[in-house]
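Okay, so the sequence shown: first residue is -9 according to the working numbering, each after it adds one.
The hints are simulated quantities; they were obtained by calculation from the structure and are not laboratory data.
Keep in mind that a hint or two might mislead.
Computed cross-link-like contacts, SDA-like style, restricted to lysine to any residue with a CA-CA straight-line distance of at most 20 angstroms [said to hold, decoys possible]:
{"#": "1", "residue 1": "Lys189", "residue 2": "Gly207"}
{"#": "2", "residue 1": "Lys161", "residue 2": "Ser94"}
{"#": "3", "residue 1": "Lys161", "residue 2": "Ser132"}
{"#": "4", "residue 1": "Lys189", "residue 2": "Ser177"}
{"#": "5", "residue 1": "Lys189", "residue 2": "Val23"}
{"#": "6", "residue 1": "Lys189", "residue 2": "Arg220"}
{"#": "7", "residue 1": "Lys161", "residue 2": "Leu212"}
{"#": "8", "residue 1": "Lys161", "residue 2": "Gln231"}
{"#": "9", "residue 1": "Lys189", "residue 2": "Pro261"}
{"#": "10", "residue 1": "Lys189", "residue 2": "Glu45"}
{"#": "11", "residue 1": "Lys189", "residue 2": "Leu256"}
{"#": "12", "residue 1": "Lys189", "residue 2": "Ala170"}
{"#": "13", "residue 1": "Lys189", "residue 2": "Ala165"}
{"#": "14", "residue 1": "Lys189", "residue 2": "Leu143"}
{"#": "15", "residue 1": "Lys161", "residue 2": "Leu143"}
{"#": "16", "residue 1": "Lys161", "residue 2": "Ser177"}
{"#": "17", "residue 1": "Lys161", "residue 2": "Gly209"}
{"#": "18", "residue 1": "Lys161", "residue 2": "Gly207"}
{"#": "19", "residue 1": "Lys161", "residue 2": "Gln129"}
{"#": "20", "residue 1": "Lys189", "residue 2": "Ser148"}
Only a predicted model underlies this, so the values are computations on that prediction, with no experimental measurement involved.
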Amino acid sequence: MDQTQWTPVSTHALELGEGLRHTPGGARWVDLVNGELYAWAPGDSAPVLTHRLAEPLGFAEEDPTGRLIGAAGTGVVELLADGRSVPLAGTGLDPARYRVNDGSFAPDGSLWFGTMVHDGSDPDGAVWRWDPAGSAVEQLRSGIPIPNGPLFLPDGRSVLVSDTEAGRILKTTTADPGAAEVFAQVSDGNPDGMSVDAKGRIWSAVWGASRLDVYGGDGRLLASVPVPVRQPTSVLVLGDQVLVTSAASGLSDPGPLDGYTITAPLSAVLP
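My request is simple: use the sequences and hints to build the entire structure.
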């Protein structure tokens, strides 16, 4: 596609833009390492910074009751309308070594989220589940150095998790998250955040490859879409638009849109 179709939504580059999620009128995303949460709706002149935490913020999403919940630091918080955050549950991990990454609400109302090492020490990542009813946090699986997702598929049972460092997307189930098969093996880049559109297509941002991969529900690659950012991190189809977050982190010579949240017409991205 014509790369000029992509235009910036954000007003400045983020260090680690991540975690695109639907809102009732638009979308929100985070600057993960800086603990910032942004909200935006089509037609807005610029996104609004709604929260700034003193710890990493992996994503934020409304739970089934309407509370805004986020994975922050090494656990789970509620984000209040006045900008404050209230701790809800923790993993017990040392925040000097670990931080949260991506996550999502499961069909049963529980929150699944990932953790990873951020101090340069040996990789150690895991996927966790928080049960709001009992406030307990349990580790579902380890051995994934950098987990992204999970993405719950429309069948209500299947779950995708990006094993980002290994360059693959795993498929598991809500009933047995400890067992997994390879949904997709990714070449030239590392799969990051994912979303599913109204047609059941799975969109994956490919870190380091300046592209989005689009899959069918069976793991078949339907399309690869170039984007004008080197490190796309998450992707969301919002009506007739596609939104993509990106990261400027680690780039010695960032391009003009690296670190920005960008958008393009869906019809131009995937006719």
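Taking the hints in turn, this is what the structure says about them:
With a C-alpha separation of about 10 angstroms, the suggested pair Lys189 and Gly207 falls inside the 20 angstroms cut-off, and the hint holds. The hinted pair formed by Lys161 and Ser94 meets the criterion: a straight-line CA distance of about 15 angstroms does not exceed 20 angstroms. For the given pair, Lys161 sits about 15 angstroms from Ser132 by alpha-carbon distance, which is consistent with the 20 angstroms threshold. Of the pairs offered as hints, the one joining Lys189 and Ser177 is violated, with about 25 angstroms between alpha carbons and a cut-off of 20 angstroms exceeded.
A threshold of 20 angstroms between alpha carbons decides the hint, and for Lys189 with Val23 the separation of about 33 angstroms lies outside it, so the pair is violated. Using a Cα cut-off of 20 angstroms, the hinted pair Lys189 and Arg220 is violated, with the two alpha carbons roughly 27 angstroms apart. A hinted pair counts as satisfied when its Cα atoms are at most 20 angstroms apart, and Lys161 with Leu212 qualifies at roughly 18 angstroms. Distance restraint check for Lys161 and Gln231: the Cα-Cα separation of roughly 27 angstroms exceeds the 20 angstroms cut-off, and the hinted pair is therefore not satisfied.
Between Lys189 and Pro261 the alpha-carbon distance is near 13 angstroms, which keeps this suggested pair within the 20 angstroms criterion. Restraint check: the Cα-Cα separation between Lys189 and Glu45 comes to about 36 angstroms, which exceeds 20 angstroms; the hinted pair is violated. For the given pair, Lys189 sits about 13 angstroms from Leu256 by alpha-carbon distance, which is consistent with the 20 angstroms threshold. Restraint check: the Cα-Cα separation between Lys189 and Ala170 comes to about 24 angstroms, which exceeds 20 angstroms; the hinted pair is violated.
Only pairs whose Cα atoms come within 20 angstroms are accepted, and Lys189 paired with Ala165 is rejected, the gap being roughly 25 angstroms. For a cut-off of 20 angstroms, the pair hint linking Lys189 to Leu143 stands: about 11 angstroms separates their Cα positions. For a cut-off of 20 angstroms, the pair hint linking Lys161 to Leu143 stands: about 10 angstroms separates their Cα positions. A hinted pair counts as satisfied when its Cα atoms are at most 20 angstroms apart, and Lys161 with Ser177 qualifies at roughly 18 angstroms.
Straight-line distance between C-alpha atoms of Lys161 and Gly209 comes to about 10 angstroms, which keeps the hinted pair within the 20 angstroms bound. Distance check on the hinted pair: Lys161 and Gly207 sit about 11 angstroms apart at the alpha-carbon level, within 20 angstroms; holds. Between Lys161 and Gln129 the CA atoms are separated by roughly 17 angstroms; this keeps the pair inside 20 angstroms, and the hint holds. For a cut-off of 20 angstroms, the pair hint linking Lys189 to Ser148 stands: about 16 angstroms separates their Cα positions.
Hints 4, 5, 6, 8, 10, 12, 13 from the earlier list are contradicted by this structure; the remaining hints agree with it.
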